[in-house]
Amino acid sequence: MAAMRARQKIRAPRRGLNAAQNDNYDSLWGILSSSLTEIHTKNASTLSFEELYRNAYRIVLMTRGPELYENVKRQEENWLRGTVQKRITDSISSTLVRAQAATEIQDQSEERRAAGEKFLSAFKEAWEDHQLCMSMITDVLMYMDRIISQDKSKPSIYVVAMALFRDYVLRAPIRADSPTSVADILESTVLFMISLERAGHIIERPLARHCISMLEGLYESEAEEGEKLYISTFEPAFLKTSKEFYQAEGRRLLEIGDSTTFCRISSQRIVEEQERCLSTLALMTEPKILEVLDNELIRKNIDEVVKLEGTGVKHMLDHNLLEGLRNIYQLNARVDPKKESLARAVNKQIVELGKEINASSVVIPQTATVTATATREAKEASTEKKEKGKEKPVNQQTVLAIQWVDDILALKRQFDIVWEQSFLSDQGLQSSIMGSFSDFINLNPRSSEYLSLFFDENLKKGIKGKTESEVDALLDNGITLLRYIKDKDLFETYYKKHLSRRLLMKRSASTDAERQMISKMKMEVGNQFTTRIEAMFKDMTVSEDLTAGYKSHIARSADPDRKPVDLEINVLTSTMWPMEIMANTKEGVVQLPCIFPREIEGLKQSFEKFYLDKHSGRKLSWQAGMGTADIRMTFKRSNGKVQRHELNVSTYMMVILLLFNDFPDDESLSFEEIEERTRIPKHDLIRNLQSLSLVSKTRILKKAPMSKEVKPTDRFSFNHEFQSSFVKVRIGVVAGAKVEDQEQRKDTEKKQAEERGGSIEAAIVRIMKQRKKLTHSQLMTETLTQLSTRFVPDVAMVKKRIESLIDREYMERLSEEPPTYGYVA
Amino acid sequence: MANNTTSDFVTLVSSDGFEFVISRSAACVSGTIRRMLDPASKFSEALTGRCNLETLSGVVLEKVCEYFLYNEKHKDQTNVPDMDVPPELCLELLMAADYLDT
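Chains Y and P, in that order, are what the protein sequence lines are. Just so we're aligned, residue 1 is where the first sequence starts under full-length UniProt numbering, counting upward by one. Just so we're aligned, residue 1 is where the second sequence starts under full-length UniProt numbering, counting upward by one.
Same shape as in the complex, but just chain P:
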């Protein structure tokens, strides 16, 4: 979709084909994605603005995107409300966090 490198939105694709369109700044909460999209390094993701995340399932990626937005919304604040994390996902989310350097 978004093939413009300077676009404000990027597309994250899960291993099972779900696509999430999310603002670039929110996506860059993840260190991995930030590097992936760094315009200076001319990887294909940076050029197309589309990231195929083979390691993440749609369910997990959805939660991850939710976290990205949550993180961005409450950046530099104290006393933020807890985010709801379903217990059945928490281990997979932990691994995703490790992978994404979040």
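One chain only, chain Y, in its complex shape:
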């Protein structure tokens, strides 16, 4: 039923309305066409949209839409060609045409500017009109667009009209038969405006912006797919002129020759260009123009700027111009993530300053305060000093060593500040700065020794009266330098040597600080490095217990007849302690142990018995060289008075002095006799005799003849006229912390080389055991990496060790080409 009723009621729409009147295409088009002109001449208010729309609608319904499309297109073309084009070309004054060729900005810039602005505003107006009219026309023809554009894949009438504008206005020659088009003029005018702005003038940005947005709105080809005109024509031209501009700018700034100005202007330019892209040009140009700027202005010139004499990085570092450095850093960072040129300059400066510090540690400045006291020693045999024929106080060298470390620390602090504030804590620069520190520190062959001396000095007296945090900072500083030192094993050797002196002679100011130091080193260079140092501390504590144990042992089995002699003993594990102390061989000759006086010999045997009862199977070897003794001496004055003094002397001195107990007072002993009776090593004997007989304050022995050198033929006798205002007198031997002289140094180096040889062999065997088979080059690299934490091995040395291991059949040669080794189990 329902369907029936529906069928009855549906009527065909009355077509009469559509076809009734005005269905003549030509008359309909006539109305439309005149209306379009009205729209273009801005008389739209008299028109009825509905009427126009209806007309267009009808035409399309008459299936004559394509015809309409073509007609509208033709009419637009005529309009643009006839009216708009003429309007635009008229606005181009001859100044603009001429200026198009000229590149110089200054030429009639005012005139050109006025002409340019006139042209641009005319152009802008034409473009805006066209846009508005076309949007109106498109609205009217909406129905046509809807049907035609989609059905037949033609661009909408609006797009077509825009393309027409491009073809008949933008690309029109400015004069008949002139090769220059309006677009060229437009381009050059806008570029001219920009160059004016770069030169500091104020331009009408909205005008330029407008033209640019027009270019952005237009496409290269018919369909809206190709490149936009802005990208295809204007942008390249803009980048090209910018490039030229910045090349010139770079040259100009370099000629000024002031790096601060360079940085300031460059940063300013960067901001300017960013702003320009935002307000005048298109955002997408920003990265491109900045790249041009980076390339032309910064990358090509940064090297020069960094190196500029008098104002470059060197100057800034010298005068601590953090601001300037930061600018340079930022510019350099723009063009080079590694900031190479800056890093190079900084490194050069560091190494230079470092070399100065190195040099000053060798040459003794005249102003250096002489802190040398009683102990003197022949100076390192540098020719300069020989010429002067004087013995330089050794302590001065020590002072210099510490000065060296302090200088480096100061330098490091300075660069840390620069790094933090100017280089924004840049990772890459940090490592490069560290690298250069390491470079010049390792240039000084004595860096390890100096650094160890620095610690020695500070741990001995430096930290007295300082708070914990100050000590901490001080040690941290030292550790930082340790990081730079490549030959860490050498440092370890020196450190152990100095530490052993501190421990045995009880010169260390604070055990806490020592322990702190060790834990810091452990963190810095690893466990292996500190095990031996720790073992030294352990020996010390064990020895304390031992001494206490021995005392109670003696107290129990006290022999009332004997005068008790207090013994404080340090039992040291021979492999852990520095070799100089333990060694009783020198240059292959076995040094017989020192002969102790009777009293001491008894004590010695009693302790040996006590010790060996506790730990059977061990061997004690006595090292008199490191000990001290307190002895009470009686001086009989010639006037019959008796004067007593308590002397704190080294063990060797005690042995020497006790010799004189056995002789009448006026008897004298020759050097050789003393040597024979005591078997003190010659070297030590000379030093001890020097202290006893040459230094005026502690002259306990008389020497004949009186001369500064101790010769084998010299004779010594007891000096009863010894005077001192104190009851207790301390007689020092050559004190601990000294820079080594040439001979000692050679010695240390030799021992170092031996030890390194051992380390190298151990490393090789470890590697081979694990790998079984390796080529030569692989073995070399692995060995070098393994050892690099401790020292930088000499390649030749490694080769020699490999040879030696092969000889001893730890390894075998498997093939020659490429050289391969195998592990022999």
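Nothing false has been slipped in among the hints.
Derived Cβ-Cβ restraints for the label pairs, each shown as a range:
1) E66/P x K118/Y: 50 to 60 Å
2) A248/Y x S25/P: 53 to 63 Å
3) E291/Y x F9/P: 50 to 60 Å
4) R81/Y x F9/P: 35 to 45 Å
5) A248/Y x L47/P: 55 to 65 Å
6) M284/Y x L47/P: 33 to 43 Å
7) G82/Y x T78/P: 49 to 59 Å
8) L47/P x R81/Y: 27 to 37 Å
9) L47/P x G82/Y: 26 to 36 Å
10) K240/Y x T78/P: 51 to 61 Å
11) R81/Y x R34/P: 31 to 41 Å
12) T78/P x S181/Y: 53 to 63 Å
13) L47/P x S181/Y: 34 to 44 Å
Because the hints were derived from the structure by calculation, they are not lab data. Treat the numbers as computed from the prediction; the structure is a model and nothing was measured. Positions of the beta carbon are idealized from the N, C-alpha and C atoms, including for glycine.
We have chain Y already, so just place chain P on it with the hints.
For chain P alone, coordinates are given in the frame of chain Y:
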């Protein structure tokens, strides 16, 4: 009536002289009317706020206006009630929709 371009109401006139006063926003549901009233293009309709729709009869235009309001009311909603369309008008309404770009 309303000759102010910024007025909130516009007048739609059918071919047989019926006038419908309707809110501007509702009228602009139609693409054609929206363009017609666009203040940027200075057509007479935009200036007077009065649209003579020669192609539509009063009956159809009434239904069209009803649809405009219906559309505006249920904009951006789901599950809206169907609008009642009398079958005898549906073809003419289809043509009107095409014309008005609705």
